[in-house]
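On the provided structure of chain A, position chain B as indicated by the hints.
Those protein sequence lines, which keep their order, are chains A and B.
Quick note on our numbering: the first sequence kicks off at 1 and runs consecutively.
Quick note on our numbering: the second sequence kicks off at 1 and runs consecutively.
To be clear, the hints were calculated from the coordinates, so they are not data collected in a lab.
What you were told as hints is all true, and nothing was included just to trick you.
So, partial list: chain B residues that the calculated Cβ filter (under 8 Å) puts toward chain A:
(1) Asn53
(2) Val57
(3) Arg60
(4) Glu107
(5) Leu114
(6) Ala118
(7) Ala122
(8) Glu132
(9) Gly133
(10) Met136
(11) Val174
(12) Gly184
(13) Thr188
(14) Leu190
(15) Asp197
Computed from a predicted structure; not experimentally measured.
Quick reminder that beta carbons are idealized off the backbone N, C-alpha and C, glycines included.
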Amino acid sequence: MNLLRLLWESTSITVEGLAALGALLVLGALILVLTLRVRLVRPFAVRPLAAAERVRGVLGRAMETGEPLHVALGIGGLGDVSTADTLAGLALVSFLADRGALAEVPVRVRLAQPTALVGALAALQRGAQGAGYPEAYDPAQAAFVAPVPLAYGAGTAEALRSEPPVANAMVGAFGAEVLLPAQAGGDQPQTVQVGGTSDPSVLPLLLATTDSLLAGEEIYALGAALGRADHTGSLAAQDLARALLVLGIVLGAVLALVIA
Amino acid sequence: MRRILPALVALLVGPVVLLDYFLENPVLDAAGRFLLEGAIVLAASALLLGLWNLLLVHERQIRRREPGWPASVVILLSTGATLALGLAGWGSGALTWFYRFVLFPLEASTGALLAFVAVSAAVRAWRLSSLEGGVMLVVGVIVLVGTLAPQGPALTALGPLRDWIVSVPAMAAVRGILLGVALGIIATGLRVLLWIDRPYE
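So here's chain A without its partners, still in its complex pose (with noise of 0.2 Å):
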């Protein structure tokens, strides 16, 4: 006890740091509770993104030719500040192993950061044993390309261009160097292509290049719109959170007009 009360009385925290925590803490308790939700009477219904629904399109294709599926997951890893574009980039990485494993369609996962290596080679693992095909697992389906942006832009592309895939997601973080494996996935006419990142600098590029394009927190909504029942509560938390902000923008917009 007076080792909790020593603790206790040698902690401090800001204003804004409680306010902060605080708002934390009401989204937390809404996302548990909005998931239980989920869990125990009914999914909420997701609205359709494009780029999911081209990939689950192109699925079939892939079944029918046996061309690989590349997911291009960026120069984000795990553990850094893109770790959830990279958690984005994995929940389309485990949907196509799943569903790869299945119909012995190839998906190949490059990458720039050896973390995101760690998650994706467990995507795809989880993704045979899942299907009952523990032996279609292989390691060399997720390459380490390069840790350096544009060297990993180049190698990518020459890989699309040694092996053009069915479809090219390129889901993650990325910066300007996105644009050498979407133009070489593009000179493919084969490809579909589909982007997502969160950079808004970013997104001109893979909307120039891309058929469908995840703009901003829609890469957020991926697995969801791919049927991970247990995302769809936290989307809802995000939905209703993102509703009470533009809420208070909106009031405190007209506030200050009436004011001035």
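Only chain B this time, still in chain A's reference frame:
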């Protein structure tokens, strides 16, 4: 055990690091620092896995004479050379020379290509006659020419137009996107912390 242990570690470590960010406490500070340093060491050791993967992928490509295998030979040779240079010539400046006269010029020349690739992508998007592609091309040209501060009565009007595009519609869109992205990142993090999503399994 293989499934429970990583989940337990995530469940215990996540809240400590999160609380350390908000609270000022000597014990929490020390624990948070220790855990973050541990994460850095783990991330660095993942580099060995990256090297193993690089060797595996390219060795197989060469052995099977897959398309693009000569590039794999170059990659393996340059990886070996850089590694040998780093281990043998540590502190001799050989690695610095390699970076300065081989890697940086290669990167710079690849980077210089990006401007042409961007123009080609914009033209392709415009040719496909998508509305977004057309709007993007027109706005891009206005911003580019406006930034160059051209001379002449017709072109000088582009300067204020460029400023308006950058500071009003573009800024509004960027702020909207960033707001959504911030919420998405927080929700993704909380989902992992609350054990709803377990990507580490």
